Amino acid sequence: MYGIKNCDTIKKARRYLDDNAIGYQFHDYRVDGITDELLSTFLQHIDWETLVNKRGTTWRKLSDEEKNAVIDADSAKKALLAEPAMIKRPILISADHRYLVGFNADEYQSFTR
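Position 88, counted from 1, in the sequence shown is what the numbering used here calls 124; the numbers after and before it change by one each time, with no gaps.
Possibly wrong hints are sitting among the right ones.
SDA-like mimics (lysine to any residue), calculated; alpha carbons at most 20 Å apart, straight line [stated by the list, open to error]:
no.: 1; residue 1: K48; residue 2: A141
no.: 2; residue 1: K47; residue 2: F62
no.: 3; residue 1: K90; residue 2: D44
no.: 4; residue 1: K47; residue 2: E102
no.: 5; residue 1: K47; residue 2: T93
no.: 6; residue 1: K113; residue 2: L79
no.: 7; residue 1: K90; residue 2: K114
no.: 8; residue 1: K113; residue 2: T77
no.: 9; residue 1: K97; residue 2: K114
no.: 10; residue 1: K47; residue 2: A57
no.: 11; residue 1: K41; residue 2: T94
no.: 12; residue 1: K113; residue 2: D64
no.: 13; residue 1: K114; residue 2: N104
no.: 14; residue 1: K47; residue 2: Y65
no.: 15; residue 1: K113; residue 2: E73
no.: 16; residue 1: K90; residue 2: I107
no.: 17; residue 1: K48; residue 2: A121
no.: 18; residue 1: K90; residue 2: E102
no.: 19; residue 1: K114; residue 2: L75
no.: 20; residue 1: K48; residue 2: L75
Distance windows between CB atoms, simulated [what the hints assert, rightly or not]:
no.: 21; residue 1: Q80; residue 2: S146; range: 18 to 26 Å
no.: 22; residue 1: N104; residue 2: A141; range: 32 to 40 Å
no.: 23; residue 1: K47; residue 2: G69; range: 14 to 22 Å
no.: 24; residue 1: H133; residue 2: N104; range: 29 to 37 Å
To be clear, the hints were calculated from the coordinates, so they are not data collected in a lab. Nothing here was measured: the structure is a model prediction, and the numbers come from that model. The beta-carbon is built from N, C-alpha and C at its ideal position, and this holds for glycine as well.
Take the sequences, apply the hints, and build the full model.
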C-alpha cells in the first residue's frame, strides 16, 4: 500500500486490512519518498487523471498556471514527483500486480480475495 500515514483515507484502508487480517507493506511518500521509477510504474497501470488527486489541498494550493500545465502523463509525473501528496491514495497493489486506487470496503473485499 502506498500513501501518506496521516491521511484519513489511508487510515480507513489500513484499518480494513488489519481488521480482516490481510497482510500488507506500507510505503509512506513523506518518509520513504517516491522515485521516478516507481511513479513510472504507477503510470503504466493507472491513468494519470486517476493518479492526480485534484480534490486534495496540495492541488488546490497550486497556481492556475501550475494546474493548467498538468495536461498529460508526462506533465502529471513531473508534478507528482515535485508534490507526492497529490498522488491519489491509497494505491494498493496485489501480489499478482493488480492495482486499486482509493478506498471502498466493497472493492477491497473483492480485490483482496
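Which numbered hints fail: 4, 20
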